[in-house]
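Undergrad: Taken in sequence, the protein lines are chains H and F.
Going by the numbering used here, the letters in the first sequence line up with residues 35 to 610, in that order.
Going by the numbering used here, the letters in the second sequence line up with residues 83 to 501, in that order.
Treat the hints with care, since some could be wrong.
[Said to hold, decoys possible] Per the computed footprint, the stretches of chain F lying under chain H, defined by three or more beta-carbons under 8 Å from a beta-carbon of chain H, are:
hint, region
1, 185 to 192
2, 195 to 204
3, 207 to 216
4, 382 to 395
5, 491 to 499
Since the hints were derived computationally from the structure, they do not count as laboratory data.
Don't be surprised by glycine CBs; every beta carbon is placed ideally from N, CA and C.
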Amino acid sequence: MSAITNLPEHRAQHRVLLAEDSSVIQDLLQLVLTQRGHIVDIVPDGPSALAALTSTHYDVALIDFHLPEMNGLQVVFQYLEQASILRPYFVAITGDVKGLLADRANCERFDKVLPKPLDVDSVCDLVGSCGAVELGRYESEVESRAQQNGTLKLVHARSPLEELDFTYLHWPLRDSALSDQVMDECDAILVHEAVDLNQLWRLKGAHLLPVMDLSGDLFGRADLNASELHLSDIESVGTLIEAFHERRKQVHRDLVTTSELSEKLLSRIYVSGGTLQPHHEATERSFIAYNCILDPSVISREIQALHARDLIDLEMFDRLHICGNCSSSRLNVREECPSCRSPDLTEKSYIHHFRCAYQGPETDFIDGDDLTCPKCRRTLNHFGHDYDRPGLMLTCDSCSQTMSEPDVGFICMDCGTKANGEAMATKDVHSAQMSDLGLKFMRAGPMFMGAGQRTLRFADLPLDLVVHLNQAARDYNENGTAFSLSYLGYNFELENEVGSRMFSQGRTLYLEALRQELPEEAFVVKGSTYDFVLISGVTPEEADRLLNAADRRAAQMIRFDLEAQYQHFGPSDIAS
Amino acid sequence: MTSDFGQSVDYLLAQSIVSLIVLYWFVVIFEIPRYMLGFLLVLFVKRERSYDENADYQGTISVIIAGHNEEDAIERCVRALGEQSRRPDEIIVVSDGSVDQMPAKLRELLNEGLIDGAHSTELRGGKSAGSNMAARFATGDVIINIDCDCSFDRHAIRNVVRPFLDPEVVAVSGNILVRNPGVSLLTAFQAIEYLITISLGKQAVDRLDQVVCVSGAFGAFKRSVFEAAGGLDAGGGEDLDLTLRLRQRGKVRFVEDALCYTDVPTTQQVLVKQRFRWERDAIRLRFRKHRHLLNPFSSQFKLSEAFHELEFLLFNVIGAAALPFYVVWLFSIYGSFALVIMLSAQLGLLVLDLITFLLAAGFTPKVRAMPLLPFLVGYSLYTGLYMRFVRLGAYLEEWIFSASYQDTYVPNKVHRVRG
Numbered sequence: 035m036s037a038i039t040n041l042p043e044h045r046a047q048h049r050v051l052l053a054e055d056s057s058v059i060q061d062l063l064q065l066v067l068t069q070r071g072h073i074v075d076i077v078p079d080g081p082s083a084l085a086a087l088t089s090t091h092y093d094v095a096l097i098d099f100h101l102p103e104m105n106g107l108q109v110v111f112q113y114l115e116q117a118s119i120l121r122p123y124f125v126a127i128t129g130d131v132k133g134l135l136a137d138r139a140n141c142e143r144f145d146k147v148l149p150k151p152l153d154v155d156s157v158c159d160l161v162g163s164c165g166a167v168e169l170g171r172y173e174s175e176v177e178s179r180a181q182q183n184g185t186l187k188l189v190h191a192r193s194p195l196e197e198l199d200f201t202y203l204h205w206p207l208r209d210s211a212l213s214d215q216v217m218d219e220c221d222a223i224l225v226h227e228a229v230d231l232n233q234l235w236r237l238k239g240a241h242l243l244p245v246m247d248l249s250g251d252l253f254g255r256a257d258l259n260a261s262e263l264h265l266s267d268i269e270s271v272g273t274l275i276e277a278f279h280e281r282r283k284q285v286h287r288d289l290v291t292t293s294e295l296s297e298k299l300l301s302r303i304y305v306s307g308g309t310l311q312p313h314h315e316a317t318e319r320s321f322i323a324y325n326c327i328l329d330p331s332v333i334s335r336e337i338q339a340l341h342a343r344d345l346i347d348l349e350m351f352d353r354l355h356i357c358g359n360c361s362s363s364r365l366n367v368r369e370e371c372p373s374c375r376s377p378d379l380t381e382k383s384y385i386h387h388f389r390c391a392y393q394g395p396e397t398d399f400i401d402g403d404d405l406t407c408p409k410c411r412r413t414l415n416h417f418g419h420d421y422d423r424p425g426l427m428l429t430c431d432s433c434s435q436t437m438s439e440p441d442v443g444f445i446c447m448d449c450g451t452k453a454n455g456e457a458m459a460t461k462d463v464h465s466a467q468m469s470d471l472g473l474k475f476m477r478a479g480p481m482f483m484g485a486g487q488r489t490l491r492f493a494d495l496p497l498d499l500v501v502h503l504n505q506a507a508r509d510y511n512e513n514g515t516a517f518s519l520s521y522l523g524y525n526f527e528l529e530n531e532v533g534s535r536m537f538s539q540g541r542t543l544y545l546e547a548l549r550q551e552l553p554e555e556a557f558v559v560k561g562s563t564y565d566f567v568l569i570s571g572v573t574p575e576e577a578d579r580l581l582n583a584a585d586r587r588a589a590q591m592i593r594f595d596l597e598a599q600y601q602h603f604g605p606s607d608i609a610s
Numbered sequence: 083m084t085s086d087f088g089q090s091v092d093y094l095l096a097q098s099i100v101s102l103i104v105l106y107w108f109v110v111i112f113e114i115p116r117y118m119l120g121f122l123l124v125l126f127v128k129r130e131r132s133y134d135e136n137a138d139y140q141g142t143i144s145v146i147i148a149g150h151n152e153e154d155a156i157e158r159c160v161r162a163l164g165e166q167s168r169r170p171d172e173i174i175v176v177s178d179g180s181v182d183q184m185p186a187k188l189r190e191l192l193n194e195g196l197i198d199g200a201h202s203t204e205l206r207g208g209k210s211a212g213s214n215m216a217a218r219f220a221t222g223d224v225i226i227n228i229d230c231d232c233s234f235d236r237h238a239i240r241n242v243v244r245p246f247l248d249p250e251v252v253a254v255s256g257n258i259l260v261r262n263p264g265v266s267l268l269t270a271f272q273a274i275e276y277l278i279t280i281s282l283g284k285q286a287v288d289r290l291d292q293v294v295c296v297s298g299a300f301g302a303f304k305r306s307v308f309e310a311a312g313g314l315d316a317g318g319g320e321d322l323d324l325t326l327r328l329r330q331r332g333k334v335r336f337v338e339d340a341l342c343y344t345d346v347p348t349t350q351q352v353l354v355k356q357r358f359r360w361e362r363d364a365i366r367l368r369f370r371k372h373r374h375l376l377n378p379f380s381s382q383f384k385l386s387e388a389f390h391e392l393e394f395l396l397f398n399v400i401g402a403a404a405l406p407f408y409v410v411w412l413f414s415i416y417g418s419f420a421l422v423i424m425l426s427a428q429l430g431l432l433v434l435d436l437i438t439f440l441l442a443a444g445f446t447p448k449v450r451a452m453p454l455l456p457f458l459v460g461y462s463l464y465t466g467l468y469m470r471f472v473r474l475g476a477y478l479e480e481w482i483f484s485a486s487y488q489d490t491y492v493p494n495k496v497h498r499v500r501g
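Modelling step: build the complete structure from the supplied sequences, incorporating the hints.
TA: Structure follows, in structure tokens:
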């Protein structure tokens, strides 16, 4: 059948209720969710939502907070009053997160909150990954969350930081409903307790926030040690937050919402000042920590990947030995006997008696206070004339072996594995700096990387495009009419050269010219970062030819070259 | 000249036997007995074997190697020892004050388990001190002392220890052949020389129990006796010195089928320097340090020891010293005939050399001697004239200047106090 309905088998199919009064969002979500094989029912207001919930069993309910007649919270509240054993997984959709959270007692009845504008990718991920919830779990969850918060408050007295006029993301999360929000509205992460820090990296946008450590356990890994903060340091908090904020503004939107770890790390390096600096850290098995809360082993893997893409430059920081058994670098290094591996070694001189050529350990010569040659029985009197000490030998007091040099042995302090020096593997640790390419990538986003990095992100699409796309997809499913969606990216460096007004005018002019050069059925629309061309009835290959020809002619009509780049997606790309 | 030549040939052909002996007295005294002795011994004297030649020695074997800056050679040498049909039970190596990477190389070999003991000194003590130290840590019944720039036949170790089946044997010398005969004329001559003087010569004297030098390049010693004798004394010529001392304690044998190959000097300069050293050390050891062997009133005096001392004195020392007198005498009496007389003597010697060479080739296992045959003509001159003058120079230098005490072969600190 068509590529659109040809779905990956591992994905669960869910029945989804969408309670939403905006037809654009209805269209959009229905398009993307049905493409993923879910069954979507749409209701426009509160009472019909409640009716649908009680009459049909749903796995997931996406409910707008501000619904006509009855708001989303009321719908959920009333439903739970009469619910059966299984209830849907409740997701609130709202542009007014604060308004929803204001009702502290009830907002926790939602399992998740998704802020508007919607990130379509995360809606799809969410719907794909969750299902109906057993009733009863919800109550105990609410209780345990409350208890957790209570404990936190008991353990940690409020930090002076919290008095400042900043919005913080508190870790561990005080409100798990927040966990999928883009952290746009937060200024910094306050770590109360250094647990599950890798989880923090799953939150969209959290990687771009400065980390302030109230626990005192993060040492150099946090951007600020707030556990011993003095009043005089408060200014530096503001400076830090401001610096992150400034750099965050320059990060391309795609990289703020990205879920790819290496891109997150790269953005983090950028917003934290451009350098990922390792330091020695005895509490880590790897003996290394970075100025970043991600696990050091994950970091070292990811920076190699980024380096392979030339996005960062590496500089050698240290070479560490690693245990072959457990990969720990916490090792004791010692001199030991090559034959029995005992460290119980004693150093002795060799003595060379010149006259008779006897040469052996000093103990052969010791005769009371004298040195007597065991071969010729002469007494050695005159150092340098009768004899000398040409070197040192070692005796193992454990096995009596003699040697001129000991072995170097390693013992792992974590698992106790012994190994000798030559058998030890080593690992190089690097610091990382943004490369020129990396800096461009930060500003221009994944589009900059060209066709090799093709990913389609619905979140960026203007709504009228989504509606057209929906129509095109329907045509495709019903009649098999192909379509092609093309992203247009530009050389944003030009914006600095020609000024943003000129650039924006040029872009508008270019789009207008393009529209005239393209066939009638082409739908050209201006986006924020990208512009888009949707042409129905053509394959991406044909669209490429059409756009190349149109681009040549359109480019002649503006005064500077925008260096437009195209990326084309067909029905099969959109389905996957 | 032609007429001179014709006349001198006529003159020679007209001589009686007695007048020929008078004419060629040098050859009659210094060359013929030596050749004859060799022929007769090898061909007609049966070698007494005090042990079963088909049995193998069952004791343990320690190989000791002392080297100075032998970073490159040592690994090849040690790995080659692993190829022996009778592998040594223990290999102990001493780096004698090496300034290259030899100590590090020894550590590697030790870690690989290829050697059993590695000792490195910071200051060079000389070959004797190095070998003694290696022997000090050896535990085998037999110690085999080798140079690490030599290579060995596959059965060299099995064969060299076999004479220890006879409990009276205290030391055994291996056979040494030249590994680089094709490099220059000099190396070809030395190859013939080693074949005749060592391979054949020692087989001959072994029949008379007259092996007096267990070569430092490849010799085996009963460890208990080696230790009792105090090991090597401060060098050089320490191999000759030790053998002379060990001969007081038991039998010393030579085994021609325990083959060791060595590179000989390729240039005249190095060769002369080497021979000066050998001859000087021989003089110093035989007639200074061990002069008691010639003293009939000494408690250590034995006919067997006096024999090789006198043999050396007569054939090596007096033979070299008499040569200039013979040449002068010849020219003063016979004038222009002298050249032809010497030439004819050389021709006669060439015949003897040819017989000896063929004998040596026949009595040396595994050797490819025939390619050396064309060099035999020059060899007669090399050994009869050239080497005699080299020897003479060395003896004079030692006698007058005690030059062996300045040798760089041993460190200065040792020279100052050595006996």
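Undergrad: It remains to establish, for every hint, whether it holds in the given structure.
TA: Hint-by-hint comparison with the structure:
Figure legend: the region 185 to 192 of chain F, annotated as covered by chain H; annotation consistent (4 residues with Cβ-Cβ distances under 8 Å, at least 3 required). Only when three residues or more bring their CB closer than 8 Å to a CB of chain H does the claim for the region 195 to 204 of chain F stand; here the count is 6, and the claim holds. Coverage of the region 207 to 216 of chain F by chain H holds. Counting CB-CB distances below 8 Å, 7 residues qualify, and the rule asks for three or more. Requiring three or more residues with a Cβ within less than 8 Å of a Cβ of chain H, the coverage given for the region 382 to 395 of chain F is violated, as only 0 such residues are present.
Residue count for the region 491 to 499 of chain F with a Cβ under 8 Å from a Cβ of chain H: 4. That meets the three needed, and the coverage hint holds.
Hint compliance for this structure: hint 4 is the single one not met.
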